[in-house]
Amino acid sequence: MNFDLDEEQELLRASASRLFEDHAQAGQDDAAAQWRDYCDMGLIALPFPAAVGGLDGGHEAVMLVMDAYGAALARQPYLQPVLLAGRVLAQSEGELAASALAGLLDGSRRAALCLYEPRGRYRWELPQTSALRTGEGWTLRGEKRAVLDADGADLLLCPASVRGGVALFAVPVDAPGVTLSTRRTPDGRSASDVVFADVALGTEAMIADHRSAGAAIAAAVDGATAACCAEMVGAMDRLLAITVDYINTREQFGQPIGAFQALQHRAADMLVAIEQARSMVYYAVAMLDAEPAQRKVAVAAAKALVNRSARFVGTEAIQLHGGMGLASEYPAGRYFQRLTTLETMFGDTDHLLGIVETAGGLPD
Amino acid sequence: MNFDLDEEQELLRASASRLFEDHAQAGQDDAAAQWRDYCDMGLIALPFPAAVGGLDGGHEAVMLVMDAYGAALARQPYLQPVLLAGRVLAQSEGELAASALAGLLDGSRRAALCLYEPRGRYRWELPQTSALRTGEGWTLRGEKRAVLDADGADLLLCPASVRGGVALFAVPVDAPGVTLSTRRTPDGRSASDVVFADVALGTEAMIADHRSAGAAIAAAVDGATAACCAEMVGAMDRLLAITVDYINTREQFGQPIGAFQALQHRAADMLVAIEQARSMVYYAVAMLDAEPAQRKVAVAAAKALVNRSARFVGTEAIQLHGGMGLASEYPAGRYFQRLTTLETMFGDTDHLLGIVETAGGLPD
Amino acid sequence: MELQFTDEERGFRAEVRDYLRTNIPDAIRAAVREERPLPREWMVEAQQILNRAGYAVPHWPVAWGGRDWSAVKRAILTEEIDRNAVPRPLAFNVALVGPVIAAFGSEEQKRRFLPAIANLDLWFCQGFSEPGAGSDLAALKTSAVREGDVYRVNGQKIWTTYAHKADWIFCLVRTDSSGRKQQGISFLLIDLATPGIEIRLIHTIDGYRHVNEVFFDNVAVPVDNLIGEEGRGWDYAKYLLGQERTSMGNVGFSRRRLEQVRVVASGTTGPCGRAIDSAAFRRRLTQAEIELKALEITQMRVVAADAKASHAPDPKTSILKIRGSELLQTAAELMLDALGPEALTGGFGMPDETDPHQGIDARSAPLSAYFSSRKFSIFGGSNEIQRNILAKAVLGLGARK
Amino acid sequence: MELQFTDEERGFRAEVRDYLRTNIPDAIRAAVREERPLPREWMVEAQQILNRAGYAVPHWPVAWGGRDWSAVKRAILTEEIDRNAVPRPLAFNVALVGPVIAAFGSEEQKRRFLPAIANLDLWFCQGFSEPGAGSDLAALKTSAVREGDVYRVNGQKIWTTYAHKADWIFCLVRTDSSGRKQQGISFLLIDLATPGIEIRLIHTIDGYRHVNEVFFDNVAVPVDNLIGEEGRGWDYAKYLLGQERTSMGNVGFSRRRLEQVRVVASGTTGPCGRAIDSAAFRRRLTQAEIELKALEITQMRVVAADAKASHAPDPKTSILKIRGSELLQTAAELMLDALGPEALTGGFGMPDETDPHQGIDARSAPLSAYFSSRKFSIFGGSNEIQRNILAKAVLGLGARK
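Residue numbers (our numbering), protein chains in the order written: chain A, 36 to 399; chain B, 36 to 399; chain C, 194 to 594; chain D, 194 to 594.
Just so you know, the hints here were simulated from the structure itself, not pulled from any lab data.
Cβ atoms here follow ideal geometry from the backbone N, Cα and C, with glycine treated the same way.
Be aware that a few hints might be false.
[What the hints assert, rightly or not] Stretches of chain C that chain B covers, calculated by requiring three or more beta carbons in the stretch to come under 8 Å of a beta carbon on chain B:
hint, segment
1, 370–377
2, 468–479
[As the list claims (entries may be wrong)] On the chain A side, residues computed to face chain C include the following (Cβ under 7 Å):
hint, residue
3, Y151
4, R218
5, A362
6, P366
7, G368
Please model the entire structure based on the sequences and the hints provided.
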């Protein structure tokens with residue numbers, strides 16, 4: 036084992052971090068320009084194989100980027116277009132998928148993978164959304180919920196039940212019958228409910244059939260979940276630093292409140308929770324190339340622990356800030372909002388622990 | 036609502052408390068003399084109806100006695116002979132039960148109710164122990180586990196499966212086929228595993244039939260559970276006081292460790308846990324006369340919370356004492372042992388919460 | 194001992210419940226239930242309906258509208274108000290400034306303010322906290338300098354709930370800075386329409402708009418608006434903080450929230466079952482319900498003991514504050530977890546409180562309520578302060594040598 | 194980065210495991226597994242078997258039996274020793290006094306003591322804590338006054354594990370009380386057979402007999418037994434506490450315990466099912482297993498970082514201590530809960546450790562182990578001290594003004 040970054044990794048981390056911090060400093064978002072920056076720096080190409088024009092960065096590189104992303108509270112969609120939809124596209128077949136992937140890599144297009152359904156909680160494997168074979172292709176009917184960053188996408192990737200299992204369909208966002216209803220999440224992303232009302236699709240719309248779609252989506256979801264964990268650890272890390280600064284500065288009853296032992300011990304417990312979470316990120320990343328069943332359990336275990344750490348660290352940070360923690364102008368609250376939003380993605384603690392239990396525990 | 040003691044209750048509490056504290060001071064136990072004291076003070080007659088020679092003390096009186104018992108870390112069996120076996124005897128029929136109860140009230144005899152079975156956890160309602168009708172009476176066969184204070188008893192009360200349900204049998208401890216294997220519990224009580232190897236009993240041995248035994252046992256168990264909760268709160272209360280004394284006295288790094296805020300906050304959390312537990316004792320006691328299903332749920336909810344408080348208060352007290360908490364000469368450790376032992380009686384937290392959930396929640 | 198509610202107390206509860214359900218408009222109760230911020234008119238309307246029945250200020254002196262009810266009955270009243278999703282009588286009016294005026298104000302001030310305060314004809318907000326003085330209230334700096342018939346007030350208050358809706362503010366101000374910091378503080382009523390006052394909303398992480406900064410730039414306040422004696426404001430503030438503790442545990446509020454959690458968790462049937470079908474979720478909910486039952490009784494114990502005690506607040510009140518805030522936070526977490534990913538598109542924040550009829554579905558509130566719930570352990574004396582009180586005042590743990 | 198164990202590391206693990214299972218007598222491993230106190234002979238036998246393979250003191254200088262293994266490999270070794278229920282090499286010998294003698298002792302002392310220490314031919318116990326000085330070690334009072342060729346030692350040590358089994362004790366003693374309390378402390382080896390030493394067992398709440406008080410009444414200790422320089426004992430103690438942290442997390446120990454919990458909870462079938470069938474129990478077990486996985490990796494991170502660092506201990510080691518002790522305590526609680534009421538007659542305490550073959554069933558240990566587990570967060574630097582270290586040394590939180 037070796038937890039040191041090599042030179043290349045150090046470089047990647049430093050430059051990604053600088054970029055995200057610069058963007059955060061810039062204040063008003065120029066979304067297009069920032070997305071272009073991501074593209075120019077190779078962040079978009081990072082996880083993809085060289086064969087399709089990617090950089091073959093590997094899971095560890097993505098982890099470093101997401102950690103920096105979380106620390107800087109970066110805002111441009113990345114998890115969805117690159118790690119979810121992008122990775123699914125890279126596993127898919129046909130012209131539609133290839134051109135969408137090419138568009139992603141050159142920065143001109145984005146897709147969004149639609150995972151959840153009404154009252155379906157975190158299960159995407161058994162969609163109520165269905166695709167029926169027609170003479171000319173398919174009719175897609177169903178609803179998806181809380182689709183991350185769908186509003187900047189031109190293509191929706193929609194898992195739907197077909198005879199034999201689940202297949203994946205690529206649906207232009209402006210196809211007749213597609214309706215998006217979008218809200219801002221508390222941390223400034225967007226989440227959309229999507230209705231597919233008998234959307235007519237050509238045969239080429241099925242970019243992964245019932246033999247391959249499930250595995251492709253599962254791999255993307257697990258990878259994105261591990262990346263999400265890395266983002267959370269980056270955010271927690273920074274939130275603790277902000278909190279330590281605050282309590283070392285803020286005075287009450289004649290001394291910095293950080294001199295009070297009860298607060299010191301709570302900050303220490305935050306540190307313990309964060310370092311344990313970081314260890315689980317390493318574990319999840321190391322297991323991303325394991326066989327799918329083990330990968331799924333390892334990633335679920337990782338996010339279960341990261342989620343718990345995030346709730347603890349987030350609520351404690353706000354408490355240690357007192358009223359200032361509640362003001363959204365102040366950074367602490369925004370990190371808490373980010374952590375809360377990420378907690379609800381890819382499974383809450385209860386759901387994830389259920390996955391580990393169903394598997395009979397962690398792989399050895 | 037009114038939480039003040041009336042004069043009679045004040046008197047009872049004060050005198051019971053004085054008795055238990057005197058016994059505790061006395062050091063070496065003279066069990067027979069102490070039991071005689073219990074009897075003389077009316078503690079044994081307290082919960083029983085006047086009709087059978089009792090004092091009709093009521094549930095609140097028992098609560099006050101048990102609180103004092105817990106605070107003083109009293110040692111003479113009370114929960115078992117008086118509140119469990121005694122109450123079951125008072126609900127039973129026939130000469131055998133009546134004479135055993137009379138013997139209890141005059142201080143000459145004790146019985147013990149055998150509740151648990153191997154691998155049966157906290158369910159006593161479906162015993163594997165069975166009683167078969169014979170020409171002359173019954174043959175009792177089975178095993179009971181962890182019977183509290185059976186070693187001072189001359190009569191064992193054994194629930195056993197019969198045609199139609201569960202009946203209750205009174206078995207002389209020296210009957211052929213009865214074997215006790217007794218251990219000290221960490222808090223100085225005794226617990227026995229009992230084997231009934233085809234014990235031949237007369238017809239009079241069945242002191243409650245399948246129509247009445249279940250209800251009589253359930254009432255006694257719920258009453259004893261509430262009393263157990265009161266004992267735990269009494270013990271926690273005293274343990275907190277001991278802990279506060281200790282940390283106010285013990286110096287480290289030049290000041291009493293009780294001046295460290297982190298320790299102060301933990302002591303405050305102990306207080307919160309204890310007061311919440313005390314409230315649940317009041318709730319359980321108030322519900323002891325409710326209809327049996329509600330009574331059961333209320334008592335289970337109470338002990339679930341008292342258990343959690345006890346684990347928290349016990350482990351925190353030891354931690355705040357440091358090494359001294361681990362030495363069994365020092366009182367803190369003994370209170371922790373007592374609380375741990377009581378935690379395992381009448382249901383652990385998991386079992387008790389299960390009862391509340393099965394009922395769909397607390398009665399309003 | 195009487196460990197159950199008496200028949201009279203049960204009867205009173207039924208009577209209150211009946212009155213509330215009959216008289217408070219459904220639209221108002223629905224808005225409260227769905228965590229929508231209420232327009233000012235609705236809050237006024239609700240309080241006036243309560244006031245008509247004597248439910249707004251029962252703890253006040255009878256001469257000023259109080260009822261001579263036991264503390265237990267008053268606690269039942271608040272519990273039912275909260276549980277039935279009725280807006281509470283404005284605390285700043287009825288629990289804070291009102292009792293201070295009743296105790297320390299002049300007859301003239303009583304006549305002028307008390308009926309209006311009880312009926313919410315005048316809306317007060319509270320100017321205690323300052324940027325440099327959170328839990329260390331006595332460190333406040335806002336100054337009031339006597340100039341003839343007026344005080345000139347300069348300074349800043351922060352975390353002022355509803356300042357943007359209020360007519361008046363009651364402030365602690367420093368009239369003398371020569372002595373100990375607790376001395377030289379005075380209690381002043383200030384009309385928010387006075388020139389020189391600026392109110393700025395503070396955006397909070399729950400997306401709501403409810404707290405403010407209030408700036409005073411040479412504001413002229415008539416000396417008639419001083420309550421009691423100059424320099425005794427700290428005593429009045431302590432008196433005020435020792436007032437009406439029948440609701441510190443927020444028992445009715447938590448009960449309503451937990452009932453809602455059970456409804457939502459039991460209702461979201463779907464391909465992977467309902468949240469309530471998860472044993473782990475159910476267990477957390479059950480534990481919260483049990484903890485709430487305990488708190489309800491602890492609340493009654495404090496209330497009943499209070500009734501006999503002198504005016505010094507029972508330090509055990511801190512237990513109610515600690516567990517009460519924790520339970521509200523637990524309820525908010527459970528609601529979030531009951532919803533799963535759908536919480537994200539359920540909406541967040543209430544941008545337009547001018548339209549109280551704005552429809553929102555059952556998913557709307559939880560994210561905002563979750564963020565908002567953090568305030569319960571911070572404001573009104575943080576839980577850290579409450580633990581200090583318990584450690585020192587109840588347990589007698591030593592001060593630092 | 195190499196976030197997985199390398200093939201070489203996996204191979205090493207397999208080799209260690211194989212050696213342990215083949216060479217350590219089953220009776221010894223069974224006794225460890227069942228929490229029975231081991232007789233001295235068995236502990237000696239086990240350590241000598243480890244020592245033969247270089248497993249007793251791999252972190253020592255090669256000249257004295259050390260192996261030049263990476264810290265990760267050494268951590269794997271300890272994990273496998275713990276997990277396979279092999280008694281660890283006596284920490285007082287191999288992790289504490291040994292390295293100090295190797296670093297600061299004379300050549301004569303090294304030759305005399307080190308091989309005997311490695312092979313447990315000499316059994317050392319540790320005399321650091323005193324009644325008045327727990328976590329505040331430097332407040333110690335036991336004095337050593339030079340008289341010609343001997344020191345006269347007077348005073349008392351407490352919490353001395355295994356003093357009743359040991360041959361020697363290494364002590365911090367005060368040779369000078371004029372300066373700062375950290376100064377004037379010396380590091381002395383004392384033969385327990387010397388007249389004037391009395392050892393009294395301390396009965397502990399777990400029912401075991403393992404810690405003692407040690408009284409020194411005018412005990413004559415040859416000056417040859419002084420390690421290093423007089424007055425530098427505090428530095429040596431700090432060096433010692435900074436030694437070998439490959440096992441601070443007790444990962445292998447917790448894993449064995451949790452595996453046992455799973456076995457017991459899955460095995461107690463009966464009319465109301467097994468403990469493992471309770472969703473709530475299963476969830477707690479799963480969470481503990483996940484926390485342990487995280488700790489395993491945190492442990493490796495600290496170990497790997499350590500290898501590069503100077504001799505100053507990584508303050509993050511405190512994380513291992515905190516979570517490691519919490520997990521051992523959780524495992525003990527789970528075991529108790531898995532057994533239910535039967536834990537009570539499972540037996541408690543081990544009165545007769547002279548008979549290691551004494552049969553006890555699977556229910557025996559849990560109550561004792563539960564009580565015993567509380568010590569992990571108290572001894573070896575309490576978890577409060579560990580949190581102080583994290584707050585100050587890692588987070589840089591301010592000292593009191």
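Taking the hints in turn, this is what the structure says about them:
1. Remark: the segment 370–377 of chain C is not confirmed as covered by chain B, as 0 of its residues place a Cβ nearer than 8 Å to a Cβ of that chain, below the required three.
2. Closer than 8 Å: that is the beta-carbon criterion, and the segment 468–479 of chain C has 3 residues meeting it against chain B, so the requirement of 3 holds.
3. The criterion of a C-beta within 7 Å of any C-beta in chain C is met by Y151 (chain A), whose closest approach is roughly 5 Å, and the hint holds.
4. Look at R218 (chain A): its Cβ gets to within about 5 Å of chain C, closer than 7 Å, so that hint holds up.
5. Evaluation of the A362 (chain A) hint against chain C yields a held restraint, the C-beta minimum of about 5 Å falling below 7 Å.
6. Of the supplied interface hints, the one on P366 (chain A) is violated, with its beta-carbon coming no nearer than about 11 Å to a beta-carbon of chain C, more than 7 Å.
7. Given the 7 Å rule on beta carbons, the hint for G368 (chain A) holds: about 4 Å separates it from the nearest Cβ of chain C.
Hint violations for this structure: numbers 1, 6, all remaining hints satisfied.
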